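Working from the sequences, and respecting the hints, build out all of it.
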Amino acid sequence: MWFYNVAANEQKARFNHQAAVLACALGEGPRAFGEGLIMEYMNSISRWRMMYLGSHSNALSAMSIAREQNAPITGSWDLSLKFWDPCAAAGTSNTNADTTISTHALPERVYHLDLVNNTLVVGMASHLFHIYDIRKMGEPVQTRESSLKFMTRSLACMADGKGGYAIGFVEGQIGVEYFDPSPEVQDQKYVFKCHRQTIDDVDHVWPVNALAFHPVYDTFASVGSDGTVSIWDYKVKKQLCQHPKYSGPIPSVMFNCDGTRLAVGVSYTWDDGERLAVWECRTGDEVKVSEPPVGLVL
14 MWFYNVAANE QKARFNHQAA VLACALGEGP RAFGEGLIME YMNSISRWRM MYLGSHSNAL
74 SAMSIAREQN APITGSWDLS LKFWDPCAAA GTSNTNADTT ISTHALPERV YHLDLVNNTL
134 VVGMASHLFH IYDIRKMGEP VQTRESSLKF MTRSLACMAD GKGGYAIGFV EGQIGVEYFD
194 PSPEVQDQKY VFKCHRQTID DVDHVWPVNA LAFHPVYDTF ASVGSDGTVS IWDYKVKKQL
254 CQHPKYSGPI PSVMFNCDGT RLAVGVSYTW DDGERLAVWE CRTGDEVKVS EPPVGLVL
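Heads up: the sequence shown runs through residues 14 to 311, numbered per our numbering.
Hints were generated in silico from the structure; no laboratory data involved. One thing to keep in mind: the hints can contain errors.
Here are the simulated lysine-lysine pairs, DSSO-like style, with alpha carbons at most 30 angstroms apart [stated by the list, open to error]:
no., residue 1, residue 2
1, K258, K25
2, K251, K206
3, K175, K248
4, K202, K149
5, K206, K250
6, K149, K175
7, K258, K206
8, K250, K162
9, K149, K206
10, K149, K251
11, K202, K250
12, K258, K248
13, K251, K202
14, K175, K206
From a predicted model like this one, the values you see are computed outputs, not experimental measurements.
Structural data, given as structure tokens:
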């Protein structure tokens with residue numbers, strides 16, 4: 014994990030982990046959370062330190078922050094949600110620590126989650142969605158199933174905290190959903206196609222990898238494996254603009270707190286599987302095929 018001072022265009026800290034970091038989030042004050050760990054910036058001694066919060070029994074796939082409590086919320090492939098107490102980890106680097114506040118069982122693996130005010134939306138495998146009020150986590154307020162049968166690739170809640178959320182799918186589509194369960198409001202939800210292109214009379218469709226709502230305006234950004242960033246007004250159902258195409262697929266995007274900056278991450282997203290390697294050999298040389306590497310999940 015890398016931490017930057019954007020205004021000064023300088024790297025502030027870097028942390029190495031034993032496996033891929035699948036989720037991270039910024040807390041209140043000088044705190045950041047990622048992969049089941051807490052990184053706290055100590056202003057008094059001008060250095061970073063890393064403290065252990067706990068773990069899931071399978072991959073930690075999604076994370077958000079409950080702002081009022083400054084408590085991380087994590088979702089995992091172990092079919093659970095967990096709330097954590099970062100204050101309980103203060104001053105220790107004990108990797109056997111467990112600062113769990115509460116654990117909540119789920120019917121499926123967690124792919125994505127997002128939180129706005131006290132409303133938590135959890136996107137799971139099998140097209141399932143649970144909507145919670147984090148002040149009373151006993152049962153979900155609503156349980157929904159996606160109207161599309163494609164895998165969910167991204168999820169983001171509307172910034173106003175009242176309207177609803179948007180879902181991105183692997184098949185180049187975005188769905189706009191509303192929290193209000195009344196039939197007249199549910200009739201307003203819709204799905205539209207995006208991140209598509211026709212090349213030589215062939216339709217190419219790319220996954221919608223990430224979504225981010227602007228904190229001030231009723232707009233959101235979507236990014237895809239086609240290397241493009243689009244800005245949408247979900248109320249008038251219109252694309253406002255599209256940024257020039259980037260050099261590769263875009264797996265992540267995020268506005269800063271006041272919406273004056275947009276961070277865009279560019280990297281290979283494995284949509285086409287392993288990249289091919291070409292080896293040049295002399296006639297008669299023995300070609301040995303190595304065993305594939307073992308993948309670890311933390």
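How the hints compare with the structure:
1. K258 x K25: holds, 29 angstroms
2. K251 x K206: Holds. K251 to K206 sits at ~12 angstroms (cutoff 30 angstroms).
3. K175 x K248: With Cα atoms ~14 angstroms apart, K175 and K248 stay inside 30 angstroms; holds.
4. K202 x K149: holds, 27 angstroms
5. K206 x K250: holds, 11 angstroms
6. K149 x K175: holds, 18 angstroms
7. K258 x K206: holds, 18 angstroms
8. K250 x K162: Holds: K250 and K162 sit about 22 angstroms apart, inside 30 angstroms.
9. K149 x K206: This hinted pair is violated, its Cα atoms lying about 36 angstroms apart.
10. K149 x K251: With Cα atoms ~37 angstroms apart, K149 and K251 exceed 30 angstroms; violated.
11. K202 x K250: holds, 11 angstroms
12. K258 x K248: Measuring from Cα to Cα gives roughly 25 angstroms; hence the hint holds.
13. K251 x K202: holds, 15 angstroms
14. K175 x K206: holds, 25 angstroms
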